[in-house]
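Whenever a hint applies, use it, and build me the whole structure from the sequences.
Under the working numbering, the first residue of the first sequence carries the number 46, and numbering increases by one thereafter.
Here are the computed lysine-lysine pairs in the DSS-like style, where the Cα-Cα straight-line distance is at most 30 Å:
#1 Lys279 / Lys497
#2 Lys83 / Lys279
#3 Lys400 / Lys341
#4 Lys67 / Lys83
Have a look at the derived ranges for each label pair, beta carbon to beta carbon:
#5 Lys523 / Lys132: 27 to 37 Å
#6 Ser118 / Asp510: 38 to 48 Å
#7 Gln465 / Glu499: 18 to 28 Å
#8 Glu434 / Lys381: 15 to 25 Å
Keep in mind the hints are simulated off the structure, nothing from the lab.
Ideal Cβ placement from N, Cα and C applies to all residues, glycine included.
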Amino acid sequence: MAKALTKRSENYAQWYNDLVIKADLAENSAVRGSMVIKPYGYAIWEKMQAQLDKMFKETGHENAYFPLFIPKSYFSKEASHVEGFAKECAVVTHYRLKNDPDGKGVIVDPDAKLEEELIVRPTSETIIWDTYKNWIQSYRDLPILINQWANVVRWEMRTRLFLRTAEFLWQEGHTAHATRQEAIAETQQMIEIYAQFAQDFMAMPVIVGNKTETERFAGALDTYTIEALMQDGKALQSGTSHFLGQNFAKAFDVKFASKEGKLEYVWATSWGVSTRLMGALIMAHSDDNGLVLPPKLAPIQVVIVPIYKGFDELDNIRPVAQKIKSELQKVGISVKFDDRDTHKPGFKFAEYELKGVPIRLAMGPRDFENGTIELARRDTLEKSTVPQEGIVERIQVLLDEIQTNIYQKAFRFREENTFQVDTWEEFKTQIEKGGFILAHWDGSSETEEKIKNETKATIRCIPIDAKEEDGLCVYSGKPSRQRVLFARAY
RNA sequence: CGGGGUAUAGCGCAGCUGGUAGCGCGCUACGUUCGGGACGUAGAGGUCGGGCGUUCGAGUCGCCCUACCCCGACCA
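Structure, rendered in structure tokens:
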């Protein structure tokens with residue numbers, strides 16, 4: 046009872062915060078805006094990482110690592126890029142401390158000032174393109190398909206655990222190509238990988254589309270995004286893939302000799318997802334009892350809780366539980382047998398619900414007598430008593446079923462909260478209620494800006510699968526050829 | 001950066017018109033419990049964010065810092 050969560054209906058933001066803390070995913074640190082990711086939260090991130098890393102490697106990418114610090118001057122090479130990040134950079138100006146001559150503590154040694162300040166990377170395009178310059182001379186050196194797993198720092202004004210933190214973990218892919226076409230194909234391939242990951246592993250449906258010019262990545266010619274709808278009706282940008290054109294190649298003078306012997310600038314892409322995905326995962330599925338994790342990303346897929354009075358009963362149960370555990374492990378299912386004597390079953394039930402473990406097995410004396418076991422699924426909270434015989438197959442099937450079920454639940458939610466809107470009045474009313482709005486837009490940044498100012502809604506993306514359809518802009522009444530996706534966003 | 005708030009035990013909080021700090025949870029020990037967050041008994045734990053001032057006396061009053069939180073502004 047002490048751990049009761051705030052209800053989603055009472056205060057969604059508070060619910061989210063409570064959940065992150067109480068499910069032991071992360072906590073605020075002593076440093077403003079920077080979080081400590083706790084072991085259980087990190088375990089989920091590791092599962093995400095492992096799967097994404099596999100998908101990147103399957104598509105020919107390799108991992109590398111570039112420096113945390115970037116010379117300040119690099120940021121002045123690509124104008125729009127620096128403009129996008131300048132206001133949120135941490136800057137290293139000195140390299141040494143010394144004892145405060147006036148008393149206690151330490152001070153920054155004024156004699157240890159750096160010739161050129163170093164920027165803690167907010168993203169690595171600049172240092173990577175400066176490096177690629179030395180790697181690329183000929184078309185034979187292309188493509189370069191590199192990813193790095195790293196931390197980055199963006200000095201955000203306001204932060205929220207996982208969703209926006211001053212320091213966060215991510216991967217950033219940076220590729221170099223001989224042709225425009227190939228770079229665009231790469232950009233599209235990676236957004237599709239993100240979409241596939243979101244849907245198949247996070248059980249979270251996403252809309253794939255292009256950002257408008259104003260919402261684009263600083264320095265990109267085109268930005269693809271996956272947009273997910275959270276339970277409170279707000280959108281969460283969950284991954285982006287950028288076609289950078291020749292902007293960075295020109296800024297860092299990266300040219301190659303083509304087959305025809307001509308010197309040409311390289312074509313670039315970059316793409317990334319971050320620990321923000323944790324926020325997406327939490328908000329997409331969880332309920333007032335706690336986390337609901339898709340089996341494919343759950344650090345513990347099955348937990349076995351023994352119920353007993355006295356150690357003789359536990360001694361009966363233990364071998365049966367151990368046997369089930371090892372049989373499940375043999376087929377690749379992660380299992381925890383929680384035989385802690387320090388907590389009662391009811392406590393454990395509540396705890397694993399809070400932590401979103403997809404399947405809970407409970408076995409007591411009654412089950413021991415009858416050759417049964419109690420099986421509870423987290424997504425529906427349904428309990429049933431089933432025979433121990435065939436439990437492995439049953440669980441294998443059920444894990445898949447849960448994975449599918451929570452995807453479908455999220456998908457249904459999105460469908461029920463996506464609205465086609467054709468008038469400005471309707472738009473203003475609907476945006477207050479939340480959800481995705483599909484509406485016509487005249488394609489101008491001015492209109493986009495005005496809509497944002499009046500409603501706080503932004504164009505999340507221009508969906509790539511949008512069908513052509515003549516219509517009138519919901520704001521300006523000017524002609525439009527397709528609907529775009531509006532929402533209020535995180 | 002604007003507006004609002006908070007700072008007292010590990011966490012959440014109370015402490016009125018000033019008199020030397022308390023509650024719940026958690027923690028430790030022992031016992032009884034154990035099929036949905038157990039109970040009893042006994043304990044441990046606090047320079048009251050920092051500084052200065054008023055006062056015989058400050059968690060409490062005044063001033064000044066600092067940090068954090070919320071709402072806005074900002075945010076590939």
